[in-house]
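From first to last, the protein sequence lines are chains W and H.
Start counting the first sequence at -8; every next residue gets the next number (the working numbering).
Start counting the second sequence at 81; every next residue gets the next number (the working numbering).
No wet-lab data here; the hints were simulated from the structure.
Virtual Cβ for every residue (Gly too), placed ideally from N, Cα, C.
You can take every hint at face value.
Computed cross-link-like contacts, SDA-like style, restricted to lysine to any residue with a CA-CA straight-line distance of at most 25 angstroms: (1) W/Lys183 <-> H/Gly260; (2) W/Lys183 <-> H/Phe150; (3) W/Lys201 <-> H/Ser181; (4) W/Lys27 <-> W/Tyr73; (5) W/Lys201 <-> H/Gly230; (6) H/Lys199 <-> W/Met212; (7) W/Lys201 <-> H/Val210; (8) H/Lys199 <-> W/Leu184; (9) H/Lys228 <-> W/Ser187; (10) H/Lys199 <-> W/Ser187; (11) W/Lys183 <-> H/Arg227; (12) W/Lys183 <-> H/Ser233; (13) H/Lys464 <-> H/Val313; (14) H/Lys265 <-> H/His414; (15) H/Lys205 <-> W/Trp200; (16) H/Lys199 <-> H/Tyr171; (17) W/Lys201 <-> W/Leu88.
Quick look at which bits of chain W chain H covers, simulated, 3 or more residues with Cβ under 8 angstroms: (18) 179 to 192; (19) 204 to 212.
Computed beta-carbon distance windows for the label pairs: (20) W/Asn2 <-> H/His167: 56 to 62 angstroms; (21) W/Ser56 <-> H/Gly230: 52 to 58 angstroms; (22) H/Thr213 <-> W/Glu288: 26 to 32 angstroms.
Here is how the chains run, residue by residue.
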Amino acid sequence: MKPLFAHLFANRFWVIAPPYVWMLVFFALPFAFILKISFAESLIAMPPYSDIWSWADDGFQWLGSINNYLFLLDDDLYYTAYFNSVRLALVATLVCLVVAYPMAYAISRLDEPYRSLFLLLVILPSWTSFLIRIYAWIGLLKNNGLINHALMSLGLIDEPLVMLHSDFAIYLGIVYGYLPFMILPIYTNLVKLDHSLVEAGYDLGARPWKVFVTIIFPLSMSGVVAGCFLVFIPAVGEFVIPDLLGGPDTLMIGKVLWQEFFVNRDWPVASAIAVVMLSFLIIPIYFYRRIEMQRLEANK
Amino acid sequence: MPNSDAQTVIETPADVADRYALEIINVSKHFDDVAAVNQVSLSIDKGEIFALLGGSGCGKTTLLRMLAGFETPSAGDIKINGVSVLHSPPYQRPVNMMFQSYALFPHMTVEQNVAFGLKQDRMPKAEIEVRVTEVLELVQMTRFRRRKPGQLSGGQQQRVALARSLAKKPALLLLDEPMGALDKKLRMQMQLELANIIESVGVTCVMVTHDQEEAMTMADRIAIMDQGEIMQVGAPRQIYEFPNSKLTAEFIGSINLFEAVAAFDVASGGAAPCRLECAELPCTVVSNETDSRFAGPCYVALRPEKISLETSLEPADNNWVRGKIDDIAYLGSHNVVHVRLETPAGKTKIVQVHVSNFARHAKSLDFEQAVALSWEPEAVVLIKAEAA
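Please model the complete structure; the sequences and the hints are all you need to start from.
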């Protein structure tokens, strides 16, 4: 093994350093603060939480407590919110996958310049602000919105369909908003797929559906998993979509978190919620990484 | 066949179906008005190894892909064992292909790869097991059955690919550039081994290659293709010895071509050997050819190994020219000597001659040395000059 200073002067180090510094400053450090606050007590002061240690006369003293975490266990509001978030995110991720996969496959099979064009069209909506696009959905979905208006003037329905402020609207919003994050990794994977493997499948007597199930889909698995994580993780903590499109009784952990911070001003409890949410998300990622590493080992 | 006169043999459709594993009838394929394959007809006997040979873009791969069902002909018909497969998708054709890249499924083990086709036929598990073992033994890959393709060398992958395409006992085996992914050393060995395995199984085989050596080693018959058309079909020896066009002559091996005008002694009823006047050869060329259809402008084709090089300059009546050594290339097994001829028109013409190492040293050949070239009348092959 080379000594650390040798690594420091290798060119490779300077290439990978910026993202690590970025992650350290904008993720690890803020998260350390959150973790610290989660062990504190709420105060009506500036800042609104107590210290968790002190350097008093008799040296280091631990003042923190896990009360905030116990409190989360106590109130079933939090369970329900966690459970709801995971359920909504899971369903939305699956819908995203079902919609995105055929699109990604179709784009990957196109010839240039159409391939680049369609890829651009997938990314194009994100040139507008996410918030504005979600607002636009309100205009489409509300009772006197564009969709209801059109359906009623066509005489298909007599009274407006209630679409806004429902779980349906949340699913729609998440699927709409996160679709590119599902399409892109799957596309990147499928475009590398050696088409002669598909032909070999046909050649050996497999029908199109069988070729898809036994060859194309398994080989694009890493893209599918990457896409699912890219959609699922932000969807669990999503705040804007449930707040704008969801009903008043929609409980999602992002919304609860926001309320704890800004309405109750209970930073310690809010921090505890954030820490728990992150640990929930880290566990599947960790297991996925392990499976992925084993797979890579096996293929060597 | 007992009777070689084709006109007296009346073949019933059943006979034809029985004899030919594959019939390609007037098949054409157009891509945006460009004919990739143009009016190709071929009949391939059962158990034959047939090679489609040609440069890139000659249409050989397109033709092979039409046999597999990956491309649909624009016109014509394809029959396998007498039955048209024109409207069958690839997964319903009794055809299996060994892909140039082998196309082994990377997420399956060797045995899963080989069993894949059998599973699609809903073969019982026990039978699949038996068949997989059988074909893996055939290609000597039984030891590697639990490995993934990524853990095998190129040669081993090729064996697995062959086993997979033989597993279903196809009526027709297609090989797409079978040695394309192997290095030269391994190629020679695998060419013979592959041909032996295919012959031992007795499967009819159509292969595509751009490598003449590969085609000549492996195939019973070769079709030379150029610009979507078949130029010549025949056994390797026949194609090498009697090329029927300038293109085939130049494509297979190296050859010396001279423009000439052939004249037949009409008085002797056309049976006399043909005499040629050659602008590029300062001598009279005599050939054994008696077919008067070669009369008029044509090419004289001489293989380099059929020309003998002498240092004694004793002149002969015909098939004899004098020249100077321009260059000697040492190729290990033999030497290629480039001899410069002074043609009557005042131009120079370079002729390639193969000389053995022994002869080279015995005659102590050197640059600019005057030498005489001569050849037998039967070495002269006539090629009709293409109509302009």
